[in-house]
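Trainee: Chains S and V are the protein sequences, given in the same order.
According to my numbering, the first sequence is numbered sequentially starting from 78.
According to my numbering, the second sequence is numbered sequentially starting from 6.
Quick caveat, the hints were computed from the structure, so don't treat them as lab data.
A hint or two may mislead.
One-sided and incomplete, this derived list gives chain S residues near chain V with beta-carbon spacing under 10 Å [to be verified]:
#1 D176
#2 G186
#3 E187
#4 Q206
#5 R226
#6 R268
#7 R270
#8 R274
Even glycine gets a Cβ: it sits at the ideal position worked out from N, Cα and C.
The residues making up each chain are set out below.
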Amino acid sequence: MTPGAVGEEALAGGGSTGVSLRRRILITGSTIAVFVALVVAVLLLLSLAARNQLSAVTEDFIEEQRIADRITNGVMRQLAATSVLRSLEAEVADGFRRDFQEMGDEVHGEIRRYLFRDLSPEERLQLEQMAEDHQRMEVVASRALDLFRRGLIEEGESAREAMFDHVLAFLGSTGAFLRMREGRMSELRARQRETFRWLYVGSGLLMISLVGGGLALARMLHHRIARPLEDLAGATGQIGAGDLSVRLPPARDLELQTLTAGFNRMAESLQRAADDLERRNDELSGTLEALRTTQAELIQAEKLSAMGRMTAGLAHELNNPLAGVVGYAQLLEEELDGRGTGVVDPAALSDHFLAPLLREAERAQHLVRSFLHFSRKSETELRPVSLEEALQVVVSMRQGAFRQAGLRLELRQIPGCHVRAEEQMLQGIFLNVVNNALDALQSIPVQERTGGADGSAPGLTVSGAQEGDRVLLRFEDDGPGLDQPDRVFEPFYTTKAVGEGTGLGLALSHRFASTFGGELRAENRRSGGARFTLELQVADAGAGMVDESEVGPTTPLLERVTGGAGPRILVVEDEEPLRDLHLKLLHRLNASVFTAGTVREARRILDEEEVDVILCDVKMPGESGLQLYRWLASNDPDRVRRFLFVTGDVGAPELRELSRERPGLFLHKPFNISEYLTRVAALAADGVSAPG
Amino acid sequence: MPADRRTTSTPWSHRLRRRSLPFLILAFVGPLTSGCGDPSTPVLAGAATPSFLNGIRLAVAEQRVGEAPVQVDTILVPEGSSRSAPALAVAQDLVALPGLVAVVGHSNSVASLATSQVYNAARVVQIAPSSSASLYSEAGPFSFRMVPPDHEQGAFLAGVVADSLSAGTRLALLFVNDDYGRGLRGAVLDHLDTERHPVVLDLPHTEGDVQPLNVEHTLSALAASQADALLWLGRVPPLSALLPRLRERVGGIPVIGGDAVSRAALPSSPDPSWDGVLYVDFVDMDATPELRDFRRRFQDRFGADASGPEVLAYDAAGLVLAAIGSGARTGEEVRRYLMSLGRARPPYPGVSGPVSFGDSGDMDRGYVLRRIGDLAGMP
Numbered sequence: 078m079t080p081g082a083v084g085e086e087a088l089a090g091g092g093s094t095g096v097s098l099r100r101r102i103l104i105t106g107s108t109i110a111v112f113v114a115l116v117v118a119v120l121l122l123l124s125l126a127a128r129n130q131l132s133a134v135t136e137d138f139i140e141e142q143r144i145a146d147r148i149t150n151g152v153m154r155q156l157a158a159t160s161v162l163r164s165l166e167a168e169v170a171d172g173f174r175r176d177f178q179e180m181g182d183e184v185h186g187e188i189r190r191y192l193f194r195d196l197s198p199e200e201r202l203q204l205e206q207m208a209e210d211h212q213r214m215e216v217v218a219s220r221a222l223d224l225f226r227r228g229l230i231e232e233g234e235s236a237r238e239a240m241f242d243h244v245l246a247f248l249g250s251t252g253a254f255l256r257m258r259e260g261r262m263s264e265l266r267a268r269q270r271e272t273f274r275w276l277y278v279g280s281g282l283l284m285i286s287l288v289g290g291g292l293a294l295a296r297m298l299h300h301r302i303a304r305p306l307e308d309l310a311g312a313t314g315q316i317g318a319g320d321l322s323v324r325l326p327p328a329r330d331l332e333l334q335t336l337t338a339g340f341n342r343m344a345e346s347l348q349r350a351a352d353d354l355e356r357r358n359d360e361l362s363g364t365l366e367a368l369r370t371t372q373a374e375l376i377q378a379e380k381l382s383a384m385g386r387m388t389a390g391l392a393h394e395l396n397n398p399l400a401g402v403v404g405y406a407q408l409l410e411e412e413l414d415g416r417g418t419g420v421v422d423p424a425a426l427s428d429h430f431l432a433p434l435l436r437e438a439e440r441a442q443h444l445v446r447s448f449l450h451f452s453r454k455s456e457t458e459l460r461p462v463s464l465e466e467a468l469q470v471v472v473s474m475r476q477g478a479f480r481q482a483g484l485r486l487e488l489r490q491i492p493g494c495h496v497r498a499e500e501q502m503l504q505g506i507f508l509n510v511v512n513n514a515l516d517a518l519q520s521i522p523v524q525e526r527t528g529g530a531d532g533s534a535p536g537l538t539v540s541g542a543q544e545g546d547r548v549l550l551r552f553e554d555d556g557p558g559l560d561q562p563d564r565v566f567e568p569f570y571t572t573k574a575v576g577e578g579t580g581l582g583l584a585l586s587h588r589f590a591s592t593f594g595g596e597l598r599a600e601n602r603r604s605g606g607a608r609f610t611l612e613l614q615v616a617d618a619g620a621g622m623v624d625e626s627e628v629g630p631t632t633p634l635l636e637r638v639t640g641g642a643g644p645r646i647l648v649v650e651d652e653e654p655l656r657d658l659h660l661k662l663l664h665r666l667n668a669s670v671f672t673a674g675t676v677r678e679a680r681r682i683l684d685e686e687e688v689d690v691i692l693c694d695v696k697m698p699g700e701s702g703l704q705l706y707r708w709l710a711s712n713d714p715d716r717v718r719r720f721l722f723v724t725g726d727v728g729a730p731e732l733r734e735l736s737r738e739r740p741g742l743f744l745h746k747p748f749n750i751s752e753y754l755t756r757v758a759a760l761a762a763d764g765v766s767a768p769g
Numbered sequence: 006m007p008a009d010r011r012t013t014s015t016p017w018s019h020r021l022r023r024r025s026l027p028f029l030i031l032a033f034v035g036p037l038t039s040g041c042g043d044p045s046t047p048v049l050a051g052a053a054t055p056s057f058l059n060g061i062r063l064a065v066a067e068q069r070v071g072e073a074p075v076q077v078d079t080i081l082v083p084e085g086s087s088r089s090a091p092a093l094a095v096a097q098d099l100v101a102l103p104g105l106v107a108v109v110g111h112s113n114s115v116a117s118l119a120t121s122q123v124y125n126a127a128r129v130v131q132i133a134p135s136s137s138a139s140l141y142s143e144a145g146p147f148s149f150r151m152v153p154p155d156h157e158q159g160a161f162l163a164g165v166v167a168d169s170l171s172a173g174t175r176l177a178l179l180f181v182n183d184d185y186g187r188g189l190r191g192a193v194l195d196h197l198d199t200e201r202h203p204v205v206l207d208l209p210h211t212e213g214d215v216q217p218l219n220v221e222h223t224l225s226a227l228a229a230s231q232a233d234a235l236l237w238l239g240r241v242p243p244l245s246a247l248l249p250r251l252r253e254r255v256g257g258i259p260v261i262g263g264d265a266v267s268r269a270a271l272p273s274s275p276d277p278s279w280d281g282v283l284y285v286d287f288v289d290m291d292a293t294p295e296l297r298d299f300r301r302r303f304q305d306r307f308g309a310d311a312s313g314p315e316v317l318a319y320d321a322a323g324l325v326l327a328a329i330g331s332g333a334r335t336g337e338e339v340r341r342y343l344m345s346l347g348r349a350r351p352p353y354p355g356v357s358g359p360v361s362f363g364d365s366g367d368m369d370r371g372y373v374l375r376r377i378g379d380l381a382g383m384p
């Protein structure tokens, strides 16, 4: 078989050039049968001839034995007659003489019976010699008998003795003749043996021919039938295994030509179909990939859209506290410059200007932290998530937007339990539902947003209830309701104007909920508005949660530190204002501070100085703080215990794993001064940088 | 062995397969027409006493000068032995000749009978001119003879005894102890009225029994038997030895012989003791003008008188020549021609009379009784 090598005539089904296998087998079988029949016929003829010859020889032998017996018997009786004649009466003697003559005639006749048999010239001569010897014996015997009859006993005895010489001569010639005949019989037997040898040889040849013919026929059947069928079975197996390139070579016989041609046509059709299927599959794969790409782009667009809207809201939310910060700062500056109201008392200044400024700044800090927390990308790892905290993150983000729009965002009876979810995806669900409600509520005319009969503004109410191991959260808005509640989770289904939404937010939220083992449903409220119900699984609050008690006490540690000689602290920060802030703050701990703008400087200081605490930023020009941490971990593991990252980049992927392993290793910017001092003092006191 | 090579032909030498045969070829008559030595030319052979061979020679010679000569090669081998061994040797040599279709011979029953199987095996026609042994009738399809079997001669001889010898004549029956003598003796005894002509002596002899002791014993036996007539069923040589002594001892008792006592076999100067001896012959040479003319021609050509055997040999050769002239080229074709005589064809017009054969190859022919010493007065 030649895989892939397609015989054109086989493909074309060229059955016109082959010879029918049936005819070939018929011809071969007939030839063998005729040959065998001929050989058998010859052998039968030979055996028949041999049998006839053997029969004839046997009959001849028996007949000649009888003749020889009669001759011998006759001669013996003639001899007996001559022996008794001498003492018999004349009449009795005459009777014996007649017997003598009759015996003589019988012997002569028997000898002459030989005459017409198949004799060799030598045998014929010897037979004549026998006859002559017998004739002489009879002549002498007759003479003796005549002498006895005449009473000439002595002369008769003399003649009788002479007769014995002739008898001996006769017996000698007879023996010689019989030996010749025996020799002839031996020759015949030899010829018969030769014939039988030829019969044996012929039988052997016949057997060899039969075996040879049988082998040839078997070989032909093997080559013409079995092997092609094996090839066909093998090729069928290859086809079944998926190798559609296999083809059968052109067969020699008509039937197998038809079979192989049909098989090759089938394989060709299958290959074409498979190629077509593969092509279509490629096309579908391309289409699917394009769809995925489009989907990803759309998701990204949705994210960007959501981010854009959130960024706009964040900007708005930030502008307010920033406006307060700037305003209070400027007022304080004017008071300090003497251009203000004239307040000079520090306590009054703090109450009137610094306290509001600090409050607004903290408000901005809280907004930024919430935003960063939301935007942090995490892996889809389901873990216990505080339902209330997740909701608070979203509410804090969107509360301003609701309030600004004259709308209400309210949380009611939120269970304090944890649910099985991925925090960011859960917040995404909340954000999408909240945003969707905000968009719907904004369709309410502004004059109607001020409040209903009870004076409350329309808005979104989020309520929850725990039922066994399930938690139900209901998002009920006072908007116009859903046009097609059963389609809201379809991808790209949206009733918003172009550019305002991708139609993927709720679809993704539905999918996220399913991922958590929960469900997100949508319906219209009878009283108006839409209701989204999120069903989640309750999770064990302790699993995977950080034990806040491991952070350790703060104040006592601070006091203990400040009461001592002061720790030696290395600050690695590329921004100079922050380095100054570190110096001012650490001065409160009476610390000896070393500062480095790069990781390389930090290494040099660490090589030269003993430090108790290392405060390090992450993103810096050149090497990052993470590389310094790893360097220390491999060269001076003890110092790693007093290492603290002070960074504003909490969402960096390279920090995610480390943050998960050692949550206390990080202090996020902007930070609270007291938390800062407490964490640093704790490290300086125990060399324990973080729990775990 | 006297060589009588009348004509020879060199090309014949290559037709002889046996080296032993050339010295046996005593006479060779060349082809009757052209084509000497042609392997396809049929061959006629003669194997008999010289007087028989002269009959053959005469037939061939006369056929050659006839109006429709046939193309035939002839080889003549003198073979007159009464023993079978020499005859067999000649027969073996003859059948080795290519183209041999027929053999005229042999001279007596013993030789003809012994050689018959050789010729039958070789599918060569054998025509015995004067062999009368009864067993010859069974010799085979290729065996023919110009005379009847012995049982007919026995009846004829019994009739001669009955007619020529008075009742009470005691017979002494002396026979040669071979196929001829035994067969003829049996035939005679079958037809002889032994009550009227009792056999007082029944004594065999052999061809070699020519020693004085045996003759003496025969004479003493004859004397002791007091036979009145002698029935001689043997050949001439023993009788030639016996007759003079017989005449001395018992006088001129009648002697009656079989066909073996032919005049042609007699010595050139017959002893007076032969006078009065009666013998059987197959042909009366004075019976027809054709026989008388043949006798004259034979006399003219060979300087010897012809008797029955010569005529029969002459007619036998004529038969073969006629067969060849009719187109026969093989022994089988000659045989078929001979068997067709008197059937599909008319009998062959031989000098001895019309010739045709019975199913056993025998010829139906009468006998004549002849007397020695008074030829002119023979019956």
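Trainee: Are the hints correct? Go through all of them and say.
Mentor: Status of the hints after comparison with the structure:
The restraint placing D176/S at the interface with chain V is violated, with a minimum CB-CB distance near 13 Å, outside the 10 Å limit. Taking 10 Å as the C-beta contact cut-off toward chain V, the hint placing G186/S at the interface holds, the least distance being around 9 Å. Taken as an interface hint, E187/S does not check out: its beta carbon lies about 12 Å from the nearest beta carbon of chain V, beyond 10 Å. Using the Cβ-Cβ criterion of 10 Å, the hint placing Q206/S at the interface with chain V is satisfied: the shortest such distance is roughly 7 Å.
The criterion of a C-beta within 10 Å of any C-beta in chain V is met by R226/S, whose closest approach is roughly 9 Å, and the hint holds. Hint on R268/S is violated. Least Cβ distance to chain V is approximately 18 Å, over the 10 Å limit. The criterion of a C-beta within 10 Å of any C-beta in chain V is not met by R270/S, whose closest approach is roughly 25 Å, and the hint is violated. Taking 10 Å as the C-beta cut-off, the interface hint given for R274/S is violated, the closest approach to chain V being about 28 Å.
Hint compliance for this structure: hints 1, 3, 6, 7 and 8 are broken, all remaining hints hold.
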